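Peer 1: Sequence:
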Amino acid sequence: MYKHYRFLFVFLLFSVSVSGQVTLTQEDLFAIIRKYHPVAKQAALLKERGNQEILKSKGNFDPYVYSDLDQKYFSGKQYYDLFDIGMKVPTWYGPDIKLGYDRNAGLLLNPENSTPGAGLVFAGVSAPILQGLMIDKRRTAVMQAKLFAQSTETEQLRILNNLFYEAAQSYWQWVAYGNQVQIYEDALELASRRYQMTKESFRLGDRAAIDTTEAYLQVQDRQFNLSQVELLYQNAGLELSGFLWGENETPMEITDKLSPVMLDSISSFNLIDQENIDRSIENLSLAHPDLRMYDFKLKDLGLEQRWKREKLKPKLNLEYNFLSYSNQNPLYRFPTQYKWGIDFSMPILLREAKGDLALTQIKIQETQYAVNQKRLEISNKIKAYYNEQQTLKSQLSLYEGMLKNYQRLLTGEQTRFNLGESSLFLINARETSLISAQIKFIDIQSKLLKNKAAIQWAQGELGSL
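For the sequence shown, counting from 1, position 294 maps to 293 in numbering that gives the first Met the number 0; every step adds exactly one.
Be aware that one or more of the hints could be misleading.
[To be verified] Here are the simulated lysine-lysine pairs, DSSO-like style, with alpha carbons at most 30 Å apart: (1) Lys314 - Lys55; (2) Lys296 - Lys338; (3) Lys362 - Lys310; (4) Lys312 - Lys362; (5) Lys353 - Lys136; (6) Lys40 - Lys312; (7) Lys446 - Lys57; (8) Lys338 - Lys314; (9) Lys380 - Lys403; (10) Lys338 - Lys310; (11) Lys57 - Lys380; (12) Lys312 - Lys71; (13) Lys57 - Lys296; (14) Lys296 - Lys145; (15) Lys97 - Lys314; (16) Lys382 - Lys446; (17) Lys296 - Lys380; (18) Lys373 - Lys46; (19) Lys307 - Lys296; (20) Lys373 - Lys362; (21) Lys296 - Lys362; (22) Lys403 - Lys87; (23) Lys296 - Lys373; (24) Lys298 - Lys310; (25) Lys392 - Lys314; (26) Lys145 - Lys403; (27) Lys46 - Lys312.
These are computed hints drawn from the structure, not numbers from a lab.
In this text the structure is predicted, and so the values were computed from the model without any measurement.
All chains should be modelled from the sequences, with the hints used to inform the complete structure.
Peer 2: The structure is reproduced here in structure tokens:
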């Protein structure tokens with residue numbers, strides 16, 4: 000519930016003028032993207048598309064009615080009047096049920112088409128005996144449509160996984176520049192106070208004029224550095240804004256009301272451990288959306304292969320129709336009144352069916368090779384990102400110690416300066432070294448958090464966050 004209200008508040012800051020400021024977290028960003036981003040909305044439509052594909056494929060089993068009227072008049076004579084109407088009901092297991100009515104008349108009517116004056120009612124069934132008995136094109140289409148519908152959720156996760164990865168890279172770069180802006184603002188404020196103190200000391204005769212120049216030069220240098228990083232921060236905000244959309248596909252922008260998170264020590268990053276890496280690699284085929292999509296493709300090809308193997312069988316269709324007068328009890332003289340037939344056909348060489356089946360088998364092999372290659376690529380990518388995480392983790396730990404040492408040097412130099420044993424130049428030099436180390440520390444933190452998102456992306460888990 001807290002996350003829900005927080006999301007609404009963050010989104011409100013994009014939409015209307017609201018006093019105050021709020022920190023934009025990665026979770027807030029993902030929530031906004033999932034709800035409003037056009038690509039995320041497009042991905043959400045996949046489920047509905049899958050449902051409609053199922054509906055479309057089931058149309059092959061829709062009962063349908065038919066009617067035919069054929070008459071011929073010549074030299075004032077009615078040669079024939081042929082009329083039939085009926086309904087055909089396809090069934091899942093292959094046979095088609097037929098119901099109909101025939102009424103034919105005319106002076107020159109073909110005897111085989113003759114019917115009683117009141118017409119003839121028939122009910123029957125047409126069933127495949129060989130090809131099409133176990134599986135046919137209609138059933139294959141429905142099963143493939145259901146498979147596609149199942150794959151839409153995985154495809155949606157795959158799209159969101161890629162979208163969130165790109166957004167996370169932009170977000171953590173924006174956070175890094177925001178933190179660097181804060182460092183330079185603090186440094187500028189410190190340099191400005193020192194400049195004012197130096198001017199006052201010069202006025203009282205305790206400092207030389209050159210010291211005021213030294214102090215003011217430091218202020219100018221930090222103003223310059225601040226303006227540079229502010230430009231980078233603003234541009235990073237614009238890039239991040241590319242992922243922010245509102246209702247009715249309205250683009251949103253990062254405003255001053257939104258602030259980045261302040262980067263803390265490494266212990267707060269909740270990094271990914273070796274056990275998580277091993278588990279994700281072991282379960283890649285079951286969990287990773289890219290590999291799951293390959294699995295759906297293989298299942299689809301398996302259905303296609305089954306149908307094409309069925310087409311190697313000869314076609315043998317049996318048809319039986321029970322006949323009755325339209326004004327007669329349908330069970331009268333059953334089953335002595337009927338019409339039946341057998342239809343058989345088979346290509347002698349079966350070259351088309353064999354070639355079609357062979358092509359499908361090749362597609363299955365190609366897909367399996369692609370699966371193996373993709374699994375290896377993903378596994379290696381996860382391992383590489385994890386190795387990078389370990390290196391960045393070590394570097395960050397090292398820089399934490401270096402920052403403390405830079406701070407000690409600055410504190411010691413400040414003490415010497417207060418005792419008159421140092422100079423403003425050395426103070427500024429120590430301070431500049433500390434600021435550079437802080438900026439580098441922020442940069443490593445940003446890389447580490449980008450790396451965490453990259454690992455989750457490589458594992459295929461970002462889309463489900």
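Peer 1: Would you mind marking each hint as holding or not holding in the structure?
Peer 2: To see whether the hints hold, each was checked on the structure:
The straight-line distance between the Cα atoms of Lys314 and Lys55 is roughly 26 Å, inside the 30 Å bound, and the hint therefore holds. Using a Cα cut-off of 30 Å, the hinted pair Lys296 and Lys338 is violated, with the two alpha carbons roughly 45 Å apart. Distance restraint check for Lys362 and Lys310: the Cα-Cα separation of roughly 18 Å lies within the 30 Å cut-off, and the hinted pair is therefore satisfied. For a cut-off of 30 Å, the pair hint linking Lys312 to Lys362 stands: about 22 Å separates their Cα positions.
Restraint check for Lys353 and Lys136: satisfied, since their Cα atoms lie roughly 17 Å apart, inside the 30 Å limit. The straight-line distance between the Cα atoms of Lys40 and Lys312 is roughly 46 Å, outside the 30 Å bound, and the hint therefore fails. As the CA atoms of Lys446 and Lys57 are separated by approximately 51 Å, the hinted pair breaks the 30 Å bound. For a cut-off of 30 Å, the pair hint linking Lys338 to Lys314 stands: about 20 Å separates their Cα positions.
Restraint check for Lys380 and Lys403: not satisfied, since their Cα atoms lie roughly 35 Å apart, outside the 30 Å limit. Simply put, Lys338 and Lys310 have alpha-carbon atoms about 28 Å apart, close enough for the 30 Å limit, and the pair holds. A C-alpha spacing of about 42 Å is found between Lys57 and Lys380, which places the hinted pair above 30 Å, so the restraint is violated. Using a Cα cut-off of 30 Å, the hinted pair Lys312 and Lys71 is violated, with the two alpha carbons roughly 42 Å apart.
This hinted pair checks out: Lys57 and Lys296 have alpha carbons roughly 21 Å apart, not beyond 30 Å. Distance hint between Lys296 and Lys145 is fulfilled; the C-alpha atoms sit about 13 Å from each other, no more than 30 Å. Taken as a hint, the Lys97 and Lys314 pair is honoured in the structure, with Cα atoms around 20 Å apart against an allowance of 30 Å. For the proposed pair Lys382 and Lys446, the alpha carbon gap of about 17 Å is at most 30 Å, so the pair holds.
Using a Cα cut-off of 30 Å, the hinted pair Lys296 and Lys380 holds, with the two alpha carbons roughly 23 Å apart. The hinted pair formed by Lys373 and Lys46 meets the criterion: a straight-line CA distance of about 25 Å does not exceed 30 Å. For the proposed pair Lys307 and Lys296, the alpha carbon gap of about 16 Å is at most 30 Å, so the pair holds. About 16 Å separates the Cα atoms of Lys373 and Lys362, which keeps this hinted pair within 30 Å; it holds.
Of the pairs offered as hints, the one joining Lys296 and Lys362 holds, with about 10 Å between alpha carbons and a cut-off of 30 Å not exceeded. Between Lys403 and Lys87, the direct Cα distance comes to roughly 85 Å. Violation of the 30 Å bound is thereby established for this hinted pair. In summary, the hint linking Lys296 to Lys373 is supported, as the alpha carbons are separated by about 14 Å, within the 30 Å threshold. Between Lys298 and Lys310, the direct Cα distance comes to roughly 19 Å. Compliance with the 30 Å bound is thereby established for this hinted pair.
Among the hinted pairs, Lys392 with Lys314 is inconsistent with the structure: their alpha-carbon atoms are about 68 Å apart, more than 30 Å. Pair hint Lys145 plus Lys403 does not hold up; C-alpha atoms about 61 Å apart against a cutoff of 30 Å. Between Lys46 and Lys312 the CA atoms are separated by roughly 36 Å; this puts the pair beyond 30 Å, and the hint is violated.
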